[in-house]
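Chain order of the listed sequences is B and V. Residues in the first sequence are numbered consecutively from 17, following our numbering. Residues in the second sequence are numbered consecutively from 1149, following our numbering.
Don't read these hints as lab results, they were simulated from the structure. The structure displayed is predicted, hence computed values, not measured ones. Mixed in with the good hints there might be a few duds.
[Claimed, not checked] Taking lysine-lysine pairs in the DSS-like style, the calculated list, with each CA pair at most 30 angstroms apart, reads:
1) V/Lys1150 / B/Lys153
2) B/Lys405 / B/Lys194
3) B/Lys138 / V/Lys1240
4) B/Lys238 / V/Lys1240
5) B/Lys238 / V/Lys1232
6) B/Lys405 / B/Lys497
7) B/Lys480 / B/Lys496
8) V/Lys1158 / B/Lys238
9) B/Lys380 / V/Lys1240
10) B/Lys111 / V/Lys1240
11) B/Lys194 / B/Lys138
12) B/Lys102 / B/Lys138
13) B/Lys405 / B/Lys469
14) B/Lys496 / B/Lys405
15) B/Lys102 / V/Lys1178
16) B/Lys469 / B/Lys480
17) B/Lys194 / B/Lys111
18) B/Lys238 / B/Lys153
19) V/Lys1178 / B/Lys153
20) V/Lys1158 / B/Lys102
21) B/Lys485 / B/Lys380
22) B/Lys485 / B/Lys377
23) B/Lys458 / B/Lys469
24) B/Lys377 / B/Lys413
25) B/Lys467 / B/Lys413
26) B/Lys111 / V/Lys1158
27) V/Lys1240 / B/Lys153
28) B/Lys325 / B/Lys380
29) B/Lys377 / B/Lys480
30) B/Lys485 / B/Lys497
31) B/Lys102 / B/Lys194
32) B/Lys102 / V/Lys1150
33) V/Lys1178 / B/Lys111
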Amino acid sequence: MTTADNMNGWEIVIGLEVHVQLLTESKIFSGASTRFGAEPNTQACAIDLGMPGVLPVVNEAVYPKAIAFGLAVGAEIGARSVFDRKNYFYPDLPKGYQITQMDHPIVLGGHADIMLESGELKTINITRAHLEEDAGKSLHEDFQGMTGVDLNRAGTPLLEIVSEPDMRSVAEAVAYAKYIHQLVTYLDVSDGEMSQGSMRCDANVSIRRFGETEMGTRTETKNINSFRFLERAIIHEINRQVAILETGGRVVQETRLYDPDRDETRPMRSKETANDYRYFPEPDLLPVLIDEAYIQDVRNKMPELPSEKRIRFEREHDLPEADAIILTSTTQLADYFERVAATGGDSRLAANWVRVELLSKLNKASIALEEAPVSAEQLGSIVTRIRDKTISGTIAKTVFDGLWSGQAESADDFIASHDLQQVSGTDELEPIVSAIIANNPKQAEQYRSGKTKLLGFFVGQVMKETGGKANPQQVSELTKKLLT
Amino acid sequence: MKVTRDVVEKIAELAQLQIPDGELAAVSEKMSRVLDLVEEMQSADTAGIEPMANPLDATQLLRPDVVTEHDQRRLYQDIAPETKDGLYLVPKVID
């Protein structure tokens, strides 16, 4: 719960428009590359530049991706997908119009069931999701009073996912954005790299008195590119609107920008005339017909969804829900865990090691799972040796550290080279236990006269003597036997 | 249907076109005639007919997702009025 939730009897109403960059090699209407980070304008071809006489041709890869998203949110798929022109003038849009979808979007309806902090599910309805092209980037830095334009991004395929105004708190809005992010990355619809602009949100925010049925006047805060900024921008906007309404003012419907440096939203320069995009069907493109067989084919190729995976993990791996949620947060982590479990032969132990040891090490080193120096198979081999009691959990951490720092290729190599096998044979342990008892006659006497709590003392001494390698259970049994 | 001078001015502004005052009347007259034609067409009974997105009775062919366009920045920037560091320069806009 954030400070901006439930303020002074004001109800918060939020709807989000999420722009997701579809993971394709080439642009939606041209054969130029979509690779991130290229030199300015080296990936802007004649079509992206809006040169006279060029014609767009639709990239077939955008359809399976948009449809997979639609199916995952239980939406209807538009059988006849039509493009429209949205007309406006801005230098990062060289054609003078954006090709988008107005009346016949590819995805109609659907819903996202987000998990609230209380663990309850809340349904956020999705209005639609449509295909469109991205614009370029304007750089307003110092070019002697000019604006620099990089059109590498122009024509990059986007899926704009529009929600209903169903969110009632900042936390819900962030949970919804994270849900969409998880879904599109699971489905390989997008790489979801927010820092590279692969997912951006526009937040429609309004407030009203509880019980009021009419919506308040909303503002739209554009181009928010991180979950944290989304949270900050909405909090700022709510506080601003509350302050206006509580002093008898009126919220103006407008488009605003969030400035992370100042942590505030401010209006984009309002155009002299209200937005009038004069949409009309794109004459350069024909309708795209999507038949049932095509949709079925996409459905058949869809990977397991996050919610399906979570339920399967709980059932198949016998994991508590909280563990399953963490382990299914990304496909990469889920796959890693399943490989550890398969190699190690113990799901619960594998879950613990991935969730606790691996994640905290990754966190500490600030690296992604893909860069982890310990592979799932290596961690699985540690789990195997804990399971068959070759090593204790404590020693296992030493082995994990050893593999992490590249001191050995496998758990077995490290255990052997550092002589870490658990000492568990009676033949090996008995002389050690006897020696400890002999060296501590006072405690032995006390134990024999009934102070059985001292058993821990003896076990501790043996563990110390063996450098933690003794099997504690066996030591305990042996000590009891030798003391009676 | 009469397209008034105000409407012509608004459309011209949206389209970023400059229409000299002396021509406004003529433009408004021409645009009105186009709308008259549209009005005449409106009288046709179109109940139950799905609007077309395109007059051709065809559907779109799609393109495989392959990079076919390679860097021709120099060629394009040679004809641009102004460029710097690979960027196209335009009069300052902040929105």
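Hint by hint, here is what the structure shows:
1. V/Lys1150 / B/Lys153: With a Cα-Cα distance of about 41 angstroms, the restraint between V/Lys1150 and B/Lys153 is violated, given a limit of 30 angstroms.
2. B/Lys405 / B/Lys194: Violated: B/Lys405 and B/Lys194 sit about 41 angstroms apart, past 30 angstroms.
3. B/Lys138 / V/Lys1240: Roughly 45 angstroms between the alpha carbons, so the hint for B/Lys138 and V/Lys1240 is violated.
4. B/Lys238 / V/Lys1240: holds, 21 angstroms
5. B/Lys238 / V/Lys1232: holds, 28 angstroms
6. B/Lys405 / B/Lys497: holds, 22 angstroms
7. B/Lys480 / B/Lys496: Judged against 30 angstroms, a Cα distance of about 18 angstroms means the pair holds.
8. V/Lys1158 / B/Lys238: holds, 27 angstroms
9. B/Lys380 / V/Lys1240: violated, 45 angstroms
10. B/Lys111 / V/Lys1240: It holds: about 18 angstroms lies between the C-alpha atoms, which stays within 30 angstroms.
11. B/Lys194 / B/Lys138: Answer holds: B/Lys194 to B/Lys138 is near 14 angstroms, not above 30 angstroms.
12. B/Lys102 / B/Lys138: violated, 34 angstroms
13. B/Lys405 / B/Lys469: Satisfied, since the Cα-Cα distance of roughly 26 angstroms is no more than 30 angstroms.
14. B/Lys496 / B/Lys405: holds, 21 angstroms
15. B/Lys102 / V/Lys1178: holds, 25 angstroms
16. B/Lys469 / B/Lys480: holds, 18 angstroms
17. B/Lys194 / B/Lys111: violated, 33 angstroms
18. B/Lys238 / B/Lys153: holds, 15 angstroms
19. V/Lys1178 / B/Lys153: violated, 39 angstroms
20. V/Lys1158 / B/Lys102: Distance ~17 angstroms between V/Lys1158 and B/Lys102 Cα, so the pair holds.
21. B/Lys485 / B/Lys380: Holds. B/Lys485 to B/Lys380 sits at ~28 angstroms (cutoff 30 angstroms).
22. B/Lys485 / B/Lys377: holds, 24 angstroms
23. B/Lys458 / B/Lys469: holds, 14 angstroms
24. B/Lys377 / B/Lys413: holds, 11 angstroms
25. B/Lys467 / B/Lys413: Since the Cα atoms of B/Lys467 and B/Lys413 sit roughly 34 angstroms apart, the hinted pair is violated (cutoff 30 angstroms).
26. B/Lys111 / V/Lys1158: OK: B/Lys111 and V/Lys1158 at ~21 angstroms, within 30 angstroms.
27. V/Lys1240 / B/Lys153: The given pair, whose Cα atoms are some 13 angstroms apart, holds under the 30 angstroms limit.
28. B/Lys325 / B/Lys380: Distance ~27 angstroms between B/Lys325 and B/Lys380 Cα, so the pair holds.
29. B/Lys377 / B/Lys480: holds, 27 angstroms
30. B/Lys485 / B/Lys497: OK: B/Lys485 and B/Lys497 at ~20 angstroms, within 30 angstroms.
31. B/Lys102 / B/Lys194: holds, 29 angstroms
32. B/Lys102 / V/Lys1150: holds, 26 angstroms
33. V/Lys1178 / B/Lys111: holds, 26 angstroms
Hint compliance for this structure: hints 1, 2, 3, 9, 12, 17, 19 and 25 are not met, and every other hint is.
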